[in-house]
Structure formats: C-alpha cells, structure tokens
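Peer 1: Here is what each chain is made of, one letter per residue.
2 protein chains.
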Amino acid sequence: MKTMAEELFKEFREHSVSEFFRKNAAMLGYTGKIRSLTTIIHEGVTNAIDAAEDSGVLPKIFVTIKRVNEGPEHFRVVVEDNASGIPEGFISNVFGKMLAGTKLHRHMQSRGQQGIGVSGSVMFGQITSGRPATVTTSTGNGEIVRANVMIDVDRNEGKVTNVEKFKGKWRGTRVEVEVKDVTYMRSRYGPFNYLRMTAIANPHVHITFAEPDGTLTILEPATDEVPERPKPMPLHPWGIMSDDLLVLAKRTKGRTVASFLATELSRVSKRKAEEVVKLSGVDENKKPAELTWEEAERIVSAFKQVKLMAPPTAGLRPIGAADIENGLRQILKPEFTYAVTRPPKVYRGGLPFIVEAGVAYGGNAGKSVEGKGEEVGAEAGMELIRFANRAPLIFDQGGCAITSAARSTDWRRYGVDISTAPLTLFVNVVSAYVPYTSAGKQSIAEEPEVFNEIRSAIMDAARELRRFLYRKIRVKEQQERAGVFEQYLPVIARKAASLAGAKEPDIKPLLKKVAGVESGKES
Amino acid sequence: MKTMAEELFKEFREHSVSEFFRKNAAMLGYTGKIRSLTTIIHEGVTNAIDAAEDSGVLPKIFVTIKRVNEGPEHFRVVVEDNASGIPEGFISNVFGKMLAGTKLHRHMQSRGQQGIGVSGSVMFGQITSGRPATVTTSTGNGEIVRANVMIDVDRNEGKVTNVEKFKGKWRGTRVEVEVKDVTYMRSRYGPFNYLRMTAIANPHVHITFAEPDGTLTILEPATDEVPERPKPMPLHPWGIMSDDLLVLAKRTKGRTVASFLATELSRVSKRKAEEVVKLSGVDENKKPAELTWEEAERIVSAFKQVKLMAPPTAGLRPIGAADIENGLRQILKPEFTYAVTRPPKVYRGGLPFIVEAGVAYGGNAGKSVEGKGEEVGAEAGMELIRFANRAPLIFDQGGCAITSAARSTDWRRYGVDISTAPLTLFVNVVSAYVPYTSAGKQSIAEEPEVFNEIRSAIMDAARELRRFLYRKIRVKEQQERAGVFEQYLPVIARKAASLAGAKEPDIKPLLKKVAGVESGKES
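Those protein sequences? They're chains D and L, same order as listed. So for the first sequence, the working numbering puts the first residue at 1; every next one is plus one. So for the second sequence, the working numbering puts the first residue at 1; every next one is plus one.
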C-alpha cells in the first residue's frame, strides 16, 4: 500500500531559473504596462553603459522605442552601444541564459551584476510578442554579426537562429526586443524620466532617444572625461564568513594556506597571513582546498586578533560632488545646487561603500517629467531621485533605505516644506555589494550602516541648502527693509527740509547705511 | 590579435541558482540579525502548515529556538509538523535543491510555492554555522529516517549524509537548522510576533513555541475544523497569453487542439473549444505541440469573441469572516471586532483572487509584541497586519499594495485617529497567483485590481468600525446626559417638594424617560 507521502510526492518536479522568473516576472520588474517597458530600457541601458566603460570609451547610447503596426500596446525597443561588441560564440549565453555573465564573480562595482537582466528582457519580449530578440554586434574586426535569440525556458538556454554576417567598420552592440502589452508614457515611471535620471548621474554619457511619436531628444554629456574604471576589490578579512573563505579556498591558486590568504584577500600581506595561520593553529602546509569549516572559523577569528588596514576603497568610483552638481545643473537648471561625496564606510564588518547626496533648488527641480512635449511638468514638492552605482532606481521606492532615510529627516529644521519646495534630492549609493532587496534591483535593503550613512549624507546636503535658503530670506528681508526706507526717507527728508526751510539733504549715503545693502538700486 | 571583446569575455561564467541566492541572500529575506531568524521560522512554518493541510490533518506545529553554547548569536531552530512525512528518496531535493518541489506547477493556492524557501534556510544555516540541517521524517510506515542535508551551492544539489533508520510509530517531519550571526528578540519583527500573526490567520492551527530562555507558549486553535483544501484551478482563457498556451500545449494529453483547450483550461467545454478553434481558423486536427505562436495568438483572440463563464473561484480558500473574527478575538481580546470576506475578483483578465479584511478595536489591538515576559507591549496607534494565503507578511511593509491601500484610506472619515487608536487592521489576500514583488514573498505588487479590491475591503471593515465607534460615543453621551439629570433632578424634586410642603415625588420614571436609556442605573 502506498503511503500518503508517496502519493503526494509523485508531483515533485524541478524547474529552471528561467521558468521561475517567467512565472514570477514581477520579481524582475515586469509588472504593470509602464513599468515593464521602462524595465526593458533599464536593462538595456545599464548593460550598454557598463560595457562601454569596460571598453574604456565614452558611452554613446542610442535608444529607440517604435510602435509596431499591429496594435497600440505593441513596441519595438532598440538599445545600441559603442562598446567592445560580443564575440559570436557568446551571443547565445549573454542574451538567452540567466545567471551567466562576466560580472557575477568579480568583486567590482558595476550597474548590472547578476547576469539576469538582459536575458530577462529577451524573455519578456518573447512571452508577450512571441518574437525573438535581434542582436547585431561587431567586435571591430571588420565583420558584423546579426542573429535572432530566443530563450528555451525549460532548459535556461539560448537558441540562436538566422545568423547573418556582413562586412562593416563598426564596433558595438545593438539589441532589439519586440514587446506587447506595455504602454509608453512620459510619466515619472516612464522611459523618458528614466533616461533623464541616467543623464543626471552619468554626466559623461551621451544619450540619443527617439520616442514612439518620433520626438528626438539628445541628452548631451556635461563632461567628456571617461571616468576611471572601478577596480576589483578582493574581500577584506573583516567582512568575510567562514563559508566565503572555503569558497575562495576551492578556487585559489595559492598553494599553502598562508599564500592563499595573501592572494585572495585584501590588506593581507604574506607576513600577516603567516601570523594569522600561526595564531589559528591550522597546519601551515595544508592545501587550501582541504581546509575544514572548523579551521576556516579559526582563521576568521584569528584575523580579529591582528591589526589590519581598513578595507580598500580606492576601487570604488563615486560620481564626485562636482559632477553631481554638473548633472543636476545640466538637466534641472536650478537656482542652487550642492552635492557631497562622503568618505568610504563599510557595512557588515568589511563591505565598503560610499554615499553621495545632492540637492537642487528652484528651476525645474522638484518637478518630474509629465505631459507630452514639455520638458517638465507641474508636480510640486520634493522629488527624491535614487541611484545605485549611478543606475536610477525608480520603482519600489517605499521599501528602499534611501526613501526611509529621506523620510526620517526633519526637513523643517532645514527650513524646507517638502510638500511645496521646488527641491530635488539626489542620493547615489556606490558599492561592489549593493544590498538589493530583490532581483529587480530597484530598492536597497536597510543595512543599519548604509541607512545611517545615507542619512548623514542627506543632512550634509540639507545643511548647505538651509544656508542658501536663509541667505535668500535675508536678502529678501533686506530688500524689503531697503524698500521701506527708500519709500519713506525721501518724503521725510523733503518734509523736514521744507519745515526747517533748509535745502533737501542727499539721503543716498544714509539709505545705503540703513539698508545694509545696495539692493534698493536693483529693485 | 585578440579583440578587446575576446579579452573581456574570457571572464564569462555560468552560475547556479543556489549560488545566486547565496550571494543575494537578502532577496530571500536573509538581511539583518532579527529578520534572518524570523525568515527561517517563516519558511519552516509555512511549509509545515501547507504539508499538514495537504495530508488532510489539523496542523500541529512545534517550534523551538535553542541557544547553542558556543556564542550569543548561535541558535538551533527546530520546526516539526504532523504531516505526511517525506519519502527518503526526496529528502535531498526537498531540502538541498532550489526550484524543486510539489507546488511549483499546480495552479493552486498555497503558502509556499517556489521550492526555494526551505532550501534557502538550509543554505543560510550552512553558510553561517557550517553545519548541515538535520531532517527526521516518517511517512507513517513504522520506520523513522534521520539524515543530515547540505547544499552543494555550485551544483544546486543536496548532499545527504549520516542516514539513520529506526522503528517508530509516528508520522511527520522535523527539521533542525543551526544558524549563527542572528539575534532572538520579542520585537514586532521577531519569531514570537510572527507566530502570533500566524495563529490569528490560521485559527485551526495548534502551535507550541519554546523560546531560547525556555518560555513555552501554546497558541491554542480557535476551531477544530480542518479547512477544506484549495482545489487546483486551471488557467482561464481570459487570463492567458499566447505563450502560456504554447507551454500548456507542449505538456497536454489532449490529442487535438480542441481537446487540448477543453482539458487544460477552465470554463471551456468540448463544444466551446470546437467553436473557438473554428473561429480561429486553426486546423482542428493539428497536434497541440505543433501550434505556432501565430496560431496561439489567433486562439487567444478567438476566446475573446465567445461567451464564457467567469473564472472559477471555488478552488480558493479564504479564512472566512467568522474565523478571522475568532482569530482576532482569541489573540487580541478586543472590545470590538468585525471582518469581511469580499466576493472573488480577477486581475490581469483571468487570475482570480479574494481579499479579506478585519478590524479589532480595544483590548490588546494596536499593540505589537514587545518586551520579554509581557504578552503585548505599549506601542500605540493602528497596527497593520498583512497576510497572503494566510501566511504573515511582516517585512518590506513599505513596498506592499496592502500598506499603500491602508495609507490611502482617509481614516478620519471613519472617526479613527490612526496615531492613537487601539486598532489592528487585518488584510489577507488569497490567490493561486499572489503577485509577490520578490523571492522573499513579503510584499504584494500593486496590480491595480488587487489594490482597489484591498481598498474596498478595508473600507467595508472601516464602515462597521465607524458604526461601533459612533455607538460608543452615543452611549457615552447618553450616560453623561443621564448622569446630569440623575444628579440634579432629585435635588430639584426635594427642594420643590419642601417649598410646596408636599411629599417628595418618585422621579425614577421621569429619569428613565429623560435619559432615554437605563444607563443611569448601571453607572
């Protein structure tokens, strides 16, 4: 007789990661007609900028969204970059396999990192339109390859068809995805605002955007310097768990435990490594791959007993205060702007990160893009724009540490009424290990150190804003004061002179003195 | 000469889903010391209740959190159920392989669904403590199996070791996970509150909880009826995309297109299927597996031209208003409670769901569990408790459609000041397709139909609350009014009588009449 368990477990199945995300597309950001389209743009553009920077060129990105005749919710999305191109043999895995990529295992700051994003948009295109993605690419070797890619969801594998090759002098990659059941709108959550935010945080990127109605927008770079590339930063012993150590040990080229530690971890010299191995009591000639958990634990705790330099942060690449201000000025034309790049900090013991914050006041600040044809709309009050490694985060605002840090700030202390102030608050979190809450990467988890650092950055910026606002009020008061004297002093002088039978005195020097400014002249 | 692309793509790698979630444990809910421990409890308990219900028994769950000697942040977590047990051959895949399970492909309401949760907690235990999980299980065949399970993260495979077997009459499963770097606290986000919320939404479940200090809490069931099992509900043609149709077509047992449609979709009779196939112009003898995308599209649009019954909702299992009220009363001892189960609705055309809302006012409502030893703490104001298919959602509150629906409600209209009212608001979303925003399943995406329905349910409950609050105010006013007359009428009567030299009249009938209630007697 069968037990109930045997009966129930007949239904037991395995699934591929593609099938999982096909069923749970919302986890990748494919939820809602506007958001889904923006997510495709987001995946294409972050990949394009990462790739161009990896190739050491100034990113030049072309984005086109075209309506396809068949229906109002049917589009063709094209993203083109000027990066290194993709060798033909990798096309299938880059676009058709999830959890595959060049960025997953390097300890280096980048926009994308999981090897899911672009395959996700190929999949979403495929399940809504039934059409493969078309990839055109050249590594600059004189040959251009064009091919169609679909995902075999059951196997998590790319299927490449219709490969064509032709001669041509060009280097870069162009991805076209056909997608249905999505909507194009110039709202806060639409592609236009996404690209505008990208431009603010990436003043070195040139973006050309063609909207479905043919409107062409060129977001010019505010600088023409290629930012220095982030550098790989090996894990630091303070941020490491025993399990991390064992994973590294399996792959290291180091032959002894000490040489393994010195090779794979940062801030660990050969001498320091030997000291730690001795302290831990682990056999110094043991092969790293043979370390046990218990030995790894002893090594991790031995590291806590020796002096080490703090984790390296030189590999991180913040935007920099000057460029944040440039970006905000270029796009928002504000009256006042100020930005700060905080010094590096670490969370969970050894994971380094940097927070930057900026404010823009007046001009188009505080207003998001709305309505066709206008550059900006009429929305009032503070606008919070969030970034992680320069990539805009425009969804899942409610669950993000940046949002809660901004909300927890007492803005009245800084003279700001956030419901009416023409204010844009900018925050960028930079790290090789941004703690995203979801595979859609739109929201940062509330790690206490990260949260506190975001708060500090916001307060730094808010203090400068307060200074500006007070100066503005003082100038206005002085102008008013000057106005009063200017209005009445001449009358009094005239009357007094006429009463005294004297000549009317020159009161201009007096006016200047009383008003404390020459503003009377300007008004 | 190598192109730059060839150089860059040398770094291209594939990764397993376990490795992905090992690196991004925050996406599964493993972030923060308190939350990580609660997530382990959550995964164990939802699985245990699902399994018991699948086996048709009243769930009896034992949860133990023990301190392990080695350190203050080192615990052993045990969850035991009285379900069907697990056949020995499945132990490895159930606990050691992500994206494997019995629930992934059935179109049926359940708490868990992805086949990630329990493997995730085995992995988190393993990477923090280095220890395997221990599984003890019996299918009730007289033999009990105990084994250790670890995950081979690189391969996404379970490794079973130390298998022991012994005789014994018992059926169920007991999972023990050892975990480090977590904290036990009786806070809003801790295991105690999680279990209390589970008890509210599952009044048929018996929970025994032993805390690290040995405190034993028994959450008694408020009912002893096994809820009817949810039923599988095939997809309805209105909620289907061409891609879904092709996926179903590959696996169907139907031999013709018409029999395929009638077998795999709900509300599609043989006759209706034939009508649709004719309308679509697809060859009726075609094998389902050979359908093209274009034919699938024609079938999907043909379905829109025929009359169909609305999607079936009989398979959904809400808690029911009476049991929600029971649960709230049992745990919160409120003055007033009211709950509503709304009629089924669909989102995205054809995905059925039900929303339930309840309010509890007074007693321990509006206060979350805080502080050792007390049952509840002193937190003031409205407490929102969210559920999906009866499983508590306690994290990622900010990004959840339930939270935004509750926030968008104008509580003053219902006479409620949410910053002070002793109010607990309960919301449960029931569906085979809950649109979670993340693999951690703590937050529901803002699908417009779902959001609106949550709002309506909240307003239904809030209206009843308003009636109660007004009645309360009226009673209080009447009591005050009665109090005034009661105080002065006798004096007036006495004085008047003495002035008139008459006998003091019996004013009780008058008092009754004036006060309009007999409340005077009670006070």
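A couple of the hints might just be wrong.
A short, non-exhaustive set of chain D residues, derived as facing chain L with CB atoms under 8 Å [unchecked claim]:
id, residue
1, Thr3
2, Lys97
3, Gln114
4, Gly115
5, Asn141
6, Trp238
7, Ala289
8, Trp293
9, Glu297
10, Ser301
Simulated from the structure, these hints should not be mistaken for lab results. Positions of the beta carbon are idealized from the N, C-alpha and C atoms, including for glycine.
Peer 1: Hint by hint, say whether it matches the structure.
Peer 2: Hints, verified against the model:
Because the smallest distance between the Cβ of Thr3/D and any Cβ of chain L comes to about 4 Å, under 8 Å, the interface hint for this residue holds. Satisfaction of the interface hint for Lys97/D is found here, the shortest Cβ-Cβ separation to chain L being roughly 7 Å, below the 8 Å cut-off. Hint status for Gln114/D: holds, given a least beta-carbon distance of 7 Å to chain L, under 8 Å. Because the closest C-beta pair between Gly115/D and chain L is about 7 Å apart, less than 8 Å, the hint holds.
With 8 Å as the threshold, the beta carbon of Asn141/D comes within range of chain L, its nearest partner Cβ sitting at about 6 Å, so the hint holds. Evaluation of the Trp238/D hint against chain L yields a violated restraint, the C-beta minimum of about 14 Å exceeding 8 Å. Checking Ala289/D against chain L: minimum C-beta separation of about 13 Å lies over 8 Å; hint violated. For the restraint placing Trp293/D at the interface with chain L, the shortest Cβ-Cβ distance is roughly 3 Å, inside the 8 Å limit, so the hint holds.
For Glu297/D, the shortest C-beta to C-beta distance to chain L is roughly 7 Å, which falls under 8 Å, so the interface hint holds. Residue-level restraint check for Ser301/D is violated (minimum Cβ-Cβ distance to chain L is 11 Å; threshold 8 Å).
Hint violations for this structure: numbers 6, 7, 10, all remaining hints satisfied.
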